[in-house]
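Q: Using the sequences plus the hints, can you model the full thing?
Note that the working numbering has the sequence shown beginning at 217, numbered continuously upward.
Quick caveat, the hints were computed from the structure, so don't treat them as lab data. These figures come from a predicted structure and were not determined experimentally. All C-beta atoms in this analysis are idealised placements derived from N, C-alpha and C, irrespective of residue type, glycine included. One or more of the hints may lead you astray.
In silico BS3-like pairs for lysine-lysine, Cα to Cα no more than 27 Å straight-line [claimed, not checked]:
| # | residue 1 | residue 2 |
| --- | --- | --- |
| 1 | Lys249 | Lys261 |
| 2 | Lys299 | Lys250 |
| 3 | Lys273 | Lys261 |
Derived DEER-like restraints, expressed as beta-carbon distance ranges [what the hints assert, rightly or not]:
| # | residue 1 | residue 2 | range |
| --- | --- | --- | --- |
| 4 | Leu248 | Asp271 | 30 to 38 Å |
| 5 | Lys273 | Leu248 | 31 to 39 Å |
| 6 | Glu278 | Tyr304 | 37 to 45 Å |
| 7 | Asp253 | Arg305 | 20 to 28 Å |
| 8 | Leu270 | Phe244 | 38 to 46 Å |
| 9 | Tyr304 | Ser246 | 16 to 24 Å |
| 10 | Val252 | Arg305 | 16 to 24 Å |
| 11 | Arg305 | Gly275 | 42 to 50 Å |
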Amino acid sequence: MNGVTGVGGQSVIAQEVKKAAAGEDGSFGSVLKKMVDSVNESQIKADDTVVQNLDGKTGIHEAMIALQEADINIRFLLQVRNKALDAYREIMRMPF
217 MNGVTGVGGQ
227 SVIAQEVKKA
237 AAGEDGSFGS
247 VLKKMVDSVN
257 ESQIKADDTV
267 VQNLDGKTGI
277 HEAMIALQEA
287 DINIRFLLQV
297 RNKALDAYRE
307 IMRMPF
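A: Below is the structure:
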């Protein structure tokens, strides 16, 4: 389960952010790449779950959970992007 986990669990995104804060596994760019990959995987999983639901292989609740996980992941990634853009704009406004 990528992205969102149950109570007491950690998402892949949260684990990557903690590693970056601890100085493990390099750069901000590698953390962003892993976040994008994680969001992409959750989107693919949600699509697959919806198709399986339409085929009658899974229940509607499983499809809805997968769709909500994908939605939460994409919203989180968009917030990270917005904060990074805000930081960039603030740096560009600084006088030299």
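Q: None of the hints should be skipped; say for each whether it holds.
A: The hints, checked one at a time:
Of the supplied pair hints, the one linking Lys249 and Lys261 holds, its CA atoms being roughly 18 Å apart against a limit of 27 Å. Using a Cα cut-off of 27 Å, the hinted pair Lys299 and Lys250 holds, with the two alpha carbons roughly 17 Å apart. Taking the CA atoms of Lys273 and Lys261, the gap is near 14 Å; set against the 27 Å cutoff, the hint holds. For Leu248 and Asp271, the hinted distance range of 30 to 38 Å is satisfied, since their beta carbons lie about 35 Å from each other.
At roughly 34 Å, the beta carbons of Lys273 and Leu248 sit within the given window of 31 to 39 Å. A beta carbon spacing of about 39 Å between Glu278 and Tyr304 agrees with the range 37 to 45 Å that was offered as a hint. In this structure the supplied range 20 to 28 Å holds for Asp253 paired with Arg305, their Cβ-Cβ distance being about 26 Å. Separated by about 39 Å at the C-beta atoms, Leu270 and Phe244 satisfy the suggested range of 38 to 46 Å.
A beta carbon spacing of about 18 Å between Tyr304 and Ser246 agrees with the range 16 to 24 Å that was offered as a hint. Take Val252 and Arg305: their Cβ atoms lie about 21 Å apart, and the range 16 to 24 Å holds. Under the hint 42 to 50 Å, the C-beta atoms of Arg305 and Gly275, about 45 Å apart, fit the expected range.
In this structure, none of the earlier numbered hints is contradicted; all agree with it.
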